[in-house]
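Undergrad: The residues making up each chain are set out below.
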Amino acid sequence: MARMKFLCDADRCIECNACVTACKNENDVPWGINRRRVVTINDGKPGERSISMACMHCTDAPCAAVCPVSCFYTTADAVVLHDKDLCIGCGYCFYACPFGAPQYPRVGNFGGRGKMDKCTYCAGGPQQDNTAVEYAQYGANRLAEGKLPLCAEMCSTKALLAGDGEIIASIYKERVQRRGYGSGAWGWRTAYRETVTV
Amino acid sequence: MTKRLIVALLALMLSAGGVAAQAQTQAPARGQISAEEMELQRALQGGRIEGRVSIPDQKAASLIQPEGREWRQFHNRTLAWTGGIAVLGMLGIVVLFYAIKGRVRIASGWSGRTVLRFNLLERANHWMVASSFIILALSGLNLTFGRYLLLPLIGPEAFTTLSLWGKVAHNYLAFPFTLGLVVMLLLWVKDNIPNRLDLAWLKAGGGFFTGGHPAAGRFNAGQKLIFWITVLGGGIVAASGYVLLFPFSVTDIAGQQLSHMVHGVLAMLMIAAMLAHIYIGTLGMEGALDAMTTGRVDYNWAREHHSLWVEEETAKARGAVAPPPGIKAAGAD
Chain A
1 MARMKFLCDA
11 DRCIECNACV
21 TACKNENDVP
31 WGINRRRVVT
41 INDGKPGERS
51 ISMACMHCTD
61 APCAAVCPVS
71 CFYTTADAVV
81 LHDKDLCIGC
91 GYCFYACPFG
101 APQYPRVGNF
111 GGRGKMDKCT
121 YCAGGPQQDN
131 TAVEYAQYGA
141 NRLAEGKLPL
151 CAEMCSTKAL
161 LAGDGEIIAS
171 IYKERVQRRG
181 YGSGAWGWRT
191 AYRETVTV
Chain B
1 MTKRLIVALL
11 ALMLSAGGVA
21 AQAQTQAPAR
31 GQISAEEMEL
41 QRALQGGRIE
51 GRVSIPDQKA
61 ASLIQPEGRE
71 WRQFHNRTLA
81 WTGGIAVLGM
91 LGIVVLFYAI
101 KGRVRIASGW
111 SGRTVLRFNL
121 LERANHWMVA
131 SSFIILALSG
141 LNLTFGRYLL
151 LPLIGPEAFT
161 TLSLWGKVAH
171 NYLAFPFTLG
181 LVVMLLLWVK
191 DNIPNRLDLA
201 WLKAGGGFFT
211 GGHPAAGRFN
221 AGQKLIFWIT
231 VLGGGIVAAS
241 GYVLLFPFSV
251 TDIAGQQLSH
261 MVHGVLAMLM
271 IAAMLAHIYI
281 GTLGMEGALD
291 AMTTGRVDYN
301 WAREHHSLWV
311 EEETAKARGA
321 VAPPPGIKAA
331 GAD
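For the protein sequence lines, the chains are A and B, in the order given.
Letter 34 of the first sequence, counting from 1, is numbered 34 in the numbering used here, and no numbers are missing.
Letter 333 of the second sequence, counting from 1, is numbered 333 in the numbering used here, and no numbers are missing.
Since the hints were made in silico from the structure, they are not lab data.
The beta-carbon is built from N, C-alpha and C at its ideal position, and this holds for glycine as well.
Hints are supplied without guarantee of correctness; some may be wrong.
Partial selection, computed: residues in chain A whose CB lies under 7 Å from chain B [unchecked claim]:
| id | residue |
| --- | --- |
| 1 | 72 |
| 2 | 98 |
| 3 | 180 |
| 4 | 183 |
| 5 | 184 |
Model the full structure from these sequences, guided by the hints.
TA: Written out as structure tokens, the structure reads:
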């Protein structure tokens, strides 16, 4: 089985936000929630870079470690998913996540959070693959159809790569060797405790 | 002189800035350090990598926050261990104390006469705080330990239902709890100011080990301690809880993580303290529970545990029934 990862080549990302839009559309993500976002660091300064970021599907995921109801699980492809029927919306995964991936719809009074929502790597949820109930709760299940997450699939500059960690790392390495520079794999040290060495 | 000094300092700062800017442009890989170096640096410094986003949710501008890992360590290790040791340790102490010393009896026996210790308002307020505290404590403990203790027993669906109701209760009971703390402070603060008597009481160990009854006013040093733990500890726990109840209204994620840490540790310690309070108020001491049920305690109990308070109360009562000065009893002259 593959070990699915995301890799954003910040030297290619042009901050077009198409990944953000594609994700919202493909998964019918509710208003106010962004499973994926593009962050620009050093905006307007030399060395400006944009990085498309979502759940990184960490090795030893912090969200799963702190969840008080233990609603997370890791698939055979190493995708970190959660069961919304078990989630109580406590917000702990949000405190622990290094990437700000978990988000909550606002329901009820005060800070009453609804069920947590985050990137599913376009792999749906615990229900039967590609059913209406699965789509309503989690969005598309492209992985079950043999497709990769839409954000990476439609990236116009192919900055955002999704797929088996070793394969996307080798694609990135080749790029860096060819062009002679690369700012590295953002989030990899934090998420996977490893980096892409060129 | 000072002007020259400022000019010199400014010049120094400018030149330092220039050097830094130069160093930046000379750095490899198009002027910036690489992702892994930056991540490592921020992880070591405990800082966030932040940028700009073009979506309305400005919280999303934080790209990587390494503090999450520390919070995870806190929640899974520090809090669980502190809580476990504090709560189980206190339970152990209470059981041990009961096994060795048994129930503290009224030494001179029940007198049959009672004296009012807490009026209806005081009792009602106490039980409002107490009942909300118990549910707050249980639902809070459930978030830390339930996954390991309860979840394997009752299964994921039932455990989620329970935890969800626990969360709702925890959120809403915060309000009666806080209101009760304020009323408690107003009602009892005047009798809870520490004084020299408390030192003597503490020195005598409250009489728990030597058997005697050190003199005490309406509240002894132990009760004063419980009062201040409740009011101050509960106040901080409530304040840090409201920060979490209204996410991002007061502080950002770093502030919420810190609030949770304060909230968790103090709450665990308060639970431990309240276990001792509950024990001594019920099983641990004969005649003590009456103070919070009927509000009237046995006269002998009061004389043993709160000698000075009883003296005050009887003096007040004598004053109330004594004839006004200047009035002579019939046939006195």
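Undergrad: Please go over all the hints and tell whether each is borne out by the structure.
TA: Results for each hint:
1. 72: Violated, because the Cβ-Cβ distance from residue 72 of chain A to chain B comes to roughly 11 Å (cut-off 7 Å).
2. 98: Since chain B brings a Cβ to about 5 Å from residue 98 of chain A, closer than 7 Å, the hint holds.
3. 180: violated (9 Å)
4. 183: It holds, given that the least Cβ distance between residue 183 of chain A and chain B is near 5 Å, below 7 Å.
5. 184: For residue 184 of chain A, the interface hint holds, since the closest Cβ of chain B sits about 3 Å away, which is under 7 Å.
Checked against the numbered hints above, the structure violates hints 1, 3; every other hint is satisfied.
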